[in-house]
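Trainee: Here's the letter readout for the chains.
There are 2 protein chains.
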Amino acid sequence: MYKLIDGKGIASQIKEEIRNDVSLIRQSGARAPRLAAILVGSDGASETYVAHKVKACSEVGIESTLLRFPDTIGEERLLAEIGRLNIDKDVDGFIVQLPLPPHISEDAVVSAVSPDKDVDGFHPENVGRMVLGMPSFISATPFGILELLKRYDISVSGKRCVVIGRSNIVGRPLSILLSKKGVDATVTLLHSRSDNLKGIASEADILIAAIGSPSFVTSDMVKEGAVVIDVGTTRVKSDTTKSGWRLAGDVDFESVAPLCSYITPVPGGVGPMTIVSLLMNTVEAARRLTGQIAGSSV
Amino acid sequence: MYKLIDGKGIASQIKEEIRNDVSLIRQSGARAPRLAAILVGSDGASETYVAHKVKACSEVGIESTLLRFPDTIGEERLLAEIGRLNIDKDVDGFIVQLPLPPHISEDAVVSAVSPDKDVDGFHPENVGRMVLGMPSFISATPFGILELLKRYDISVSGKRCVVIGRSNIVGRPLSILLSKKGVDATVTLLHSRSDNLKGIASEADILIAAIGSPSFVTSDMVKEGAVVIDVGTTRVKSDTTKSGWRLAGDVDFESVAPLCSYITPVPGGVGPMTIVSLLMNTVEAARRLTGQIAGSSV
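Chains as they are written, first to last, in our numbering: chain D, 1 to 298; chain H, 1 to 298.
Fair warning: there could be bad hints in the mix.
Simulated crosslink set (DSSO-like; lysine-lysine; CA at most 27 angstroms straight-line) [claimed, not checked]:
(1) D:Lys180 <-> H:Lys242
(2) D:Lys181 <-> H:Lys89
(3) H:Lys150 <-> D:Lys159
(4) H:Lys8 <-> D:Lys180
Short derived list, chain D residues pointing at chain H, Cβ under 10 angstroms [said to hold, decoys possible]:
(5) Ser28
(6) Gly158
(7) Asp195
(8) Ser202
Just so you know, the hints here were simulated from the structure itself, not pulled from any lab data. Virtual Cβ for every residue (Gly too), placed ideally from N, Cα, C.
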């Protein structure tokens, strides 16, 4: 019988830990950590994500500022706002919610954020520092997945991990982190051009699906006893929810779960961990800015 | 019957191309590209590597400056020298030959080099830019290996590549480059902690050994028809050479070669490509600095 990985429960537990960390920071006489979020336009999913982040901050005592701009904002103006946040001593870390309108270069925006305040871990310097094993901010989803594995005592050392999907914010960094020294998994990165994708996936001890394609992973791709981590969160139409949509994972849960030792559900698996990772990075940024000793960040 | 990948021959051909590029730059009225190299101490292997680099520069018309310091130099002083090179308009790119004496932090040194002049591609920002698919300097050995595969028309798209060794300067960046969009290999990264290393290696269509352990790859680890790239260059004692040593690869050539479709020899395989990659990066740095259109660099 498979065990469900309760990301929501673990996330609540970690939020409690962060709340304590923030209390300790306040008791030391420092101000509360502060996160700023830039939201351009009014994309539905982006609105929801940012609202969740702001809410999570308030739950743990992190202060937050939401800066909203219309989707007609020019790139230059947006970069100027980023420049202001880079030097604002009252802001420990900030994020720019992606995607951005097509007339704004995401590369330019991501590179404009000071690496010291880049709590999303998207800046090339943070990505490079992660690759080289230097201290860095790790982007939220990979960080959250590693934390889930750790809290469930699932060892990956020496084992075969197969990551499906090579996105810059999930698959790629995750494949790097899983194979670094001290984590020590043997990682294979699969993608849309891979030959024999199903065969290779079925060799995995730990299979991680991060492609954004509902029910892509079927039972013929999963080895008996595997750990399956589902990163997919695609919005699909639904007649049974008030909102008219529901979140669909990359794994066909019904058929795959019976084969697994552990599996994450969608929703309630990886998703909730993403936000607590951002909170952890923000507390870490605050610690660094106030010169306190580095905490739990990788 | 296997085909030998003639790195030495390809490197000569590329040097000829670079010589032409440099001529064109000079004809446009610009000064010759210039590389500076910092050498600390007098380690035998480092001396040889730097001498080869300086000689290769002169062969293609790139000017070079060798800056030597005793191994007693302090970190602060070395960082100051790097700072000077960063702003020297007559230097397009520079390298600090590694390893450094133990009292100097290699991380600090590598991070001090301006990413725009970092023709070794070791700076975290260049590493991150490579991961994210942005323009960057790619470190010499991975760049050289990709170039060899390209010039021999060996397609890796969709195929299984297995890289043995996760060093920051070879295995890790190579695994990233091989799986990026447009190259599209399915890459598995093996290392000292991997279970079933031999079994996984023997699944490879393209097997790349970068561990620095002579004759580590034996015939039982290689699939019939595989392409084998040997990055090893370990100095071992030898009675038959004037110097008293010879270069040993990571592959047991005698037993492995008969199984291969293609294989690189040691010496004369990957080694010569490393230096031309540095030359290519230097010309690219010169083009960028003088505002010319970007050339062949990735």
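Trainee: Would you mind marking each hint as holding or not holding in the structure?
Mentor: Cross-check of the supplied hints:
Taken as a hint, the Lys180 of chain D and Lys242 of chain H pair is broken in the structure, with Cα atoms around 41 angstroms apart against an allowance of 27 angstroms. Distance restraint check for Lys181 of chain D and Lys89 of chain H: the Cα-Cα separation of roughly 39 angstroms exceeds the 27 angstroms cut-off, and the hinted pair is therefore not satisfied. Our distance criterion of 27 angstroms between C-alpha atoms is broken by Lys150 of chain H and Lys159 of chain D, whose separation comes to about 32 angstroms. For the hint linking Lys8 of chain H to Lys180 of chain D, the alpha-carbon distance of about 33 angstroms lies beyond 27 angstroms, and the restraint is violated.
A cut of 10 angstroms between beta carbons decides the hint on Ser28 of chain D: the least distance to chain H is about 29 angstroms, and the hint is violated. The interface hint given for Gly158 of chain D is met, as the beta carbon of that residue sits about 4 angstroms from the closest beta carbon of chain H, less than 10 angstroms. The restraint placing Asp195 of chain D at the interface with chain H holds, with a minimum CB-CB distance near 4 angstroms, inside the 10 angstroms limit. With its C-beta approaching chain H no nearer than about 13 angstroms, Ser202 of chain D sits outside the 10 angstroms limit, and its interface hint is violated.
Of the numbered hints stated above, those contradicted by the structure are hints 1, 2, 3, 4, 5, 8, listed in ascending order.
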